[in-house]
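Asker: All chains should be modelled from the sequences, with the hints used to inform the complete structure.
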Amino acid sequence: MNNEADGTWVVVNIAELEPESVARFDHGGRTFAIYRSPDGAYFATDGICTHERAFLADGLVLEDEIECPLHGGAFNYRTGKAVGAPVCIDLRTYAVRVEAGKLLMRIDQSGPQLGLGIGFDP
Amino acid sequence: MTGIVIVGAGECGTRAALTLRETGYRGSVTLIGEEAGLPYERPPLSKPVGTSVLRKEICAGERLAAAEVDYRPGETVSALAPHAKTVSLANGGVLSYDKLLLATGAAPRRLTCPGSEHVHVFRTFEDAKRLYGAVSGARRVAIIGAGLIGMELAAVLRARDAQVTVLEAADRTLGRAVPTVLAGRLHARHEEAGVTFVFGARVQRISKDGVELEDGRHISADLVVAAIGVVPNTSVAEHAGLAVDNGIVVDPHLRTSAPDIFAAGDCACLNSGDGRSFRSESWRNAQFHGAHAARAMTGVTHPYARASWFWSDQYELGLQVVGLPASDQTSVARQISVDAQIIFFLDQAERLVAAAGLGRGTAVARDIRLAEMLIDAGEQPNRQLLADPATNLKSLLKQSRAA
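Residue numbers (the numbering used here), protein chains in the order written: chain A, 1 to 122; chain B, 1 to 403.
Read the hints as simulated data drawn from the structure, not as lab findings.
Keep in mind it's a predicted model, so treat the numbers as computed, not measured.
We put the beta carbon where it would ideally sit given N, CA and C, even for glycine.
A few of these clues could be false.
[Claimed, not checked] Partial list, computed: chain B residues near chain A (C-beta under 10 Å):
(1) ARG15
(2) PRO43
(3) PRO44
(4) ARG284
(5) TRP309
(6) TRP311
(7) ALA363
(8) VAL364
(9) ALA365
[Stated by the list, open to error] Partner residues aside, some chain A positions facing chain B, computed with beta carbon under 10 Å:
(10) PHE55
(11) ASP58
(12) LEU62
(13) ASP64
(14) PRO69
(15) LEU70
(16) ALA85
Answerer: Here is the structure:
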């Protein structure tokens, strides 16, 4: 799946994130959302909600979840999983690492949305 | 074993059906909808894609099937017999239920003046198709009603290059739900876009030339749309003897006056038991009510206590309002940025009870969400901190979050 050779590591140029917050990051015509969890770790997902065209970076981060600012749908930003209606399609996630004081993110070259799933299993 | 029957397959009824399975309910679930096709979301109808109406399904058909929901589109419930615990369908069928949810929604209020049969309304997918199809041939559009739907339509139709006039009986746009200063900004934005407003407008008749007002003014129009509110669909409930008053009357558990019958969403008027009653017409209320009704019907019962919340997109601006702004409250303004502001409303005990924000896109969303959490916690936030854009509202919550 996500081999090192399949993606490009890019530097994420954003101002330092407070814990439990989110910022928008655009690269190569795509919009991503970069998160910092309450315990200080970094995560990255696609930056546009899978429900309608809203920017997740305008939403509220609470614990491990991001709420879409438009209709309040919630995702777990660590796994991308859609966890609160009305969202039901998971977010793509991207590997993130910190190296020499820089935040890096691995962007997949191409390919279908990973982690696609329906948020609820009956 | 019979099971649960849900009348109405809009946001509320559909959400109830899905939530029933999430709670582990194993009985039969029947979801009856008047409209054809899969359940769809109404808000996207206000955002046409070119000349096409955006029909966004609430969930995939496979998901309803996987949840073993017996979905019956294009069917109308004609009667309800609470003693026999049955509903009758217009096509002659009769369904028995253990528990029934009425999620029948609301219908556009109609004009009754001469010529009103030529007036478009805007509620369903079919309404939207008809309206956007007719706009192609129309140069001048008159929209009756400067409420949320009327204003959203004005923005959409201006973007299609129609000449738009909005007629409003009151002296301002948007009514009580939106604070005056924010309504004023939206009004100004519409005028900047070329929309003409006529206030104090009382419609006398509609003709193929346009709209005639009681005071003699004539507004030329090739197409007339009425966006003058909605009326809850309560006739089946009323004929069955259920208490109806500005909607099907329910308690905070969404129970109607009849045993084993619940009501939720646009059709339901919630009596909170302290003399207050409220019927919400918002999408989010429909969604939350649907989920809440499902839990109430399967025995998990706590009172519904979510704050009212709605949004409206007009041009590049996004409005969000949580709680119910009222005249007996005082307010504090917070300027988030050059074009984004929030007005907080506090009651006489200095508790935050409502907040309304307007900015570009979803610029106010996060603070409105935090305001909602402060409202839910019954917080009495410091006014200076509310007004200070450098203070993160999350910090005002720390006490309640730690609890």
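Asker: What are the numbers of the hints that this structure violates, sorted from low to high?
Answerer: 13
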